[in-house]
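Let the hints inform the model, and build the full structure from the sequences given.
Chains A and B, in that order, are what the protein sequence lines are. If you count by our numbering, then the first sequence holds residues 4 to 575, one letter each, in order. If you count by our numbering, then the second sequence holds residues -19 to 225, one letter each, in order.
Simulated from the structure, these hints should not be mistaken for lab results. Among the hints, erroneous ones may be present.
Unchecked claim - Using 30 Å as the maximum straight-line C-alpha spacing, the simulated DSSO-like pairs for lysine-lysine come out as follows:
hint: 1; chain 1: B; residue 1: Lys72; chain 2: A; residue 2: Lys317
hint: 2; chain 1: B; residue 1: Lys(-3); chain 2: A; residue 2: Lys319
hint: 3; chain 1: A; residue 1: Lys564; chain 2: B; residue 2: Lys(-7)
hint: 4; chain 1: B; residue 1: Lys72; chain 2: A; residue 2: Lys323
hint: 5; chain 1: A; residue 1: Lys323; chain 2: B; residue 2: Lys134
hint: 6; chain 1: A; residue 1: Lys317; chain 2: B; residue 2: Lys179
hint: 7; chain 1: B; residue 1: Lys120; chain 2: B; residue 2: Lys179
hint: 8; chain 1: B; residue 1: Lys154; chain 2: B; residue 2: Lys179
hint: 9; chain 1: A; residue 1: Lys323; chain 2: B; residue 2: Lys179
hint: 10; chain 1: B; residue 1: Lys120; chain 2: A; residue 2: Lys331
hint: 11; chain 1: A; residue 1: Lys60; chain 2: B; residue 2: Lys(-7)
hint: 12; chain 1: A; residue 1: Lys331; chain 2: A; residue 2: Lys244
hint: 13; chain 1: B; residue 1: Lys120; chain 2: A; residue 2: Lys323
hint: 14; chain 1: B; residue 1: Lys154; chain 2: A; residue 2: Lys427
Unchecked claim - If you want the footprint, here are the derived chain A segments under chain B, 3+ residues with CB under 8 Å:
hint: 15; segment: 111 to 125
hint: 16; segment: 328 to 342
The beta carbon of each residue, even a glycine, is placed where N, CA and C say it ideally should be.
Listed here are the chains, written in short residue letters.
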Amino acid sequence: MKKFLSLVKLLFVQQYRTKPTEGKKRRGGTIATYIILAVCFTPMLISIAIAMYGVGKISQGLEGGGTNICAMLIFISQGAVLLFGIPTLISNVFTVKDADKLLFLPIRSSTIFAAKLTVAYLNEVITTAVMLVFMLLPFGIGYSAPIGFYFLLLLALVLIPMLPMLLGSIIAVPMSALITKIGKNGVVKTILQVLMFAIIMGAYMFAMYEFGFIGGSEEGDPTDMAQMLLDKLQGMGTMMKYVHSNYTLASAMLGSAFSVVIVNLLISVAENALLVALVIAMSLPFYHWMLTTSVEGAGGRSRRKAAKVTLEVKNKGVVKELIFTDLKRVMRESQMGFQCIMSLIMLPLMVVVFYFCFNISGEGDQSIVEMFKGQALYQGIAPIIFLSYMSLLGMTSNVLGIYPISRENKAIYLVKSLPVSFNKYLLAKVILATAVMVISDFVMCVLIVALFGVKWYFGLAMWFAMAALGFGGMCITTLIDLKSPKLGWTNFNQSLKNAKNSWMALLVAFVVSLVLGTISGVCLLGWYLTNTSWYMLLIMWVLIIGASVGFAAVSYKIMTKNAQRHFDNIEP
Amino acid sequence: MIRLTNVSKTYAKSTVKAVEDLTLEIKDGEIFGFLGPNGAGKSTTIKMITGILSPDSGVIEVDGINIAENPIAAKSLIGFVPDNHETYETLKGIEYLNFIGTMYNIPSELLKQRVSEYAEMFGLTDALPNMISSYSHGMKQKLMVIAALIHEPKVWILDEPLTGLDPQSAFQLKQLMRKHAEQGNTVFFSSHVIDVVEKVCDRIGIINHGKLVTVDTLDNIRQDENVSLESLFLTITADGTDSVK
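Laid out in structure tokens, this is it:
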């Protein structure tokens, strides 16, 4: 047990640690970032909590009480836990990269497995805690839940991650096996991971659709929003009986009679224990198989003599070589490749999701999209909203632009020893990050034109502006990363967890959106006052594209002016 | 030629001087061995010569070029083998050499010829199409050595270059070092293997606690021929005996 606990502590602490010490100045910066983040995200979290409080209030009027709704909220929480937990589950439990570091120790392999599974579980508990505080707790207050509800929240914290652990294992085991069988090709690994993610998201969307969260028609009186919401919740909640472990847990939490609480609690604990048993039964033999494959297969491929070795050597030019080498490295490193492809497909996917969400219509009624399309101001306003929103998301989600230096990791010394101008090196980084964004932006603009009926020339203007904004944004985020890169990680996701870069990128993107909003706001006002004259829109787009190109030029200048100083300060 | 004049370095996160007032000159046609215990300042010195770290004070010149003033020209004269093997693991060996060749502006045909020559010499030809992550420690070391030699640099800087090499490759490398020096170039290498330093180097320098303790030919350092370099090294680097010579 002592060995197990020591291992859990070691693995758990290790994943949050990249550097042993941080200077006071840096700590101050990190604290300031967290304060800014708290200020930015508090309204959103408070909004969720208020909404959940409202759901609790409404649920009082539901037939059968709020048990179904509570079970539904537990299910939604489990969706978030699954989403955030699955990468940890894969990297901690089903990727046996540290076999050589642990196997020689006098510890049984099953103990190592148990420790790794526990660490994955603890990570899921952290996500669960956030979900409980902002979803279930306000729901309980709104619902005027009995006192037992609040005590049982602690038990819920322990039980809720069980189902995501099982679902995660069901997904991860065959996927990891497939990847191991296919070989060590990083690109194939990345594509498989993206496919896996797409399957999970698809299944989740399908479940949401089936449970009535999205799509479908409204049969109630559309003017009576409360009734409509009540009906919707009732419908969704009924489905939750099929996720029985959640339903019994919710019944125990909201039960008023002691016997009801105890019986449901025992059933829920037993059901969750069964889930744990299933996780272990499924994962342990697989872990042992992965361990054997990892140890016995090591070096096999390298020792195999190639039938015919053809060495293709070509000098492509420095910037081109830097770009393609960087791209290869990103795509072949499974975590980075996954993040990169996700940032490429995620935004276009969101446009499609938005379309489906806004395309809901009642029988014989117009959908929201159709209703908007008919408005005189639509062609002026819609592209601006899309541009601001997509630029904001694009800049903050592009992992190539946010962590260009951190991803060099311990090989940063190599970059510093090469006889290449550092500005050339940075330019290659920014071009690569922007190229990924430009492709994604193009697909997005085509989708916006096709689905939302935005005129093609506005789509084109959006694309130009997005490309320039993307380039400028990447210059700034590159400089931010250069200033305090997270080097020395053993697992790219560790770098993502610890770095504040994405939050800084969010702030930059937010400011850019604000400027765009101001420019377009003034122009749209002029457009409205001049009876929607086309030339006002022309002026607006010229100004927006001009401002975007100006932003790109200024950002590039700032980056190149300050980069060398920060680069020299990096001490590998 | 490598010249360091009053070079000092303190890391940002430390108050201790990693290298203090180091003055050293390595001449053309010389193999120079750099010795010192762990944490003495060997790697810091090498990192400063190769432009990876900037010194707090002092001047470093490579073949007469000040690396702080003209880093690209100075770096293009250096071939560097690091002591760790942290490299682009997700590249294939051949892709890595192609990358390095392009960074040093070697024309394609010449690059191809040198890759074939060195890969054959170190027995790495068959492994080059494989990912570096699948290489053993020794294979990575060979790749690093080939990458350092591929642009035929005027100055070789090798940090523990023989670690992990098989006897044949170690022999090849030592021969190459000698040949390179005989052609009027400079070889600067650090090692913990005192026997190798003793056999290969024309001059040696010993660093301890960031200060250069001694620098001279082996014969001059070892005035008494019965004393081995190993015992001299242990005596010189013992705590409190920084200024033996």
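Straight-line alpha-carbon gap Lys120 of chain B to Lys179 of chain B, limit 30 Å = holds (25 Å)
Between Lys72 of chain B and Lys323 of chain A, does the CA-CA distance stay at or below 30 Å?
-> At roughly 18 Å apart (the allowed maximum being 30 Å), Lys323 of chain A and Lys72 of chain B satisfy the hint.
Assess, step by step, whether the Cα of Lys120 of chain B is no farther than 30 Å from the Cα of Lys323 of chain A, and give holds or violated.
-> holds (25 Å)
Mind checking, does the segment 111 to 125 of chain A have 3 or more residues with a CB under 8 Å from chain B?
-> Coverage by chain B is violated here, the residue count being 0 at a Cβ distance below 8 Å.
Is the hinted pair Lys331 of chain A and Lys244 of chain A satisfied, with a Cα-Cα distance of at most 30 Å?
-> violated (48 Å)
Starting from Lys323 of chain A, check that the Cα of Lys179 of chain B is at most 30 Å away, please.
-> With Cα atoms ~44 Å apart, Lys323 of chain A and Lys179 of chain B exceed 30 Å; violated.
Is the Cα-Cα distance between Lys154 of chain B and Lys427 of chain A 30 Å or less?
-> violated (36 Å)
Do the alpha carbons of Lys564 of chain A and Lys(-7) of chain B lie within 30 Å of each other, as the hint requires?
-> holds (25 Å)
Does the structure keep Lys72 of chain B and Lys317 of chain A at a Cα separation of 30 Å or less?
-> holds (14 Å)
Proximity test - 8 Å, beta-carbon atoms, the segment 328 to 342 of chain A to chain B, at least three hits | n = 5 at 8 Å, threshold three: holds.
Are the Cα positions of Lys323 of chain A and Lys134 of chain B separated by 30 Å at most?
-> holds (27 Å)
Please work out if Lys60 of chain A and Lys(-7) of chain B have their alpha carbons no farther apart than 30 Å.
-> violated (55 Å)
Comparing the model with each earlier hint shows violations of hints 2, 6, 9, 11, 12, 14 and 15; every other hint is respected.
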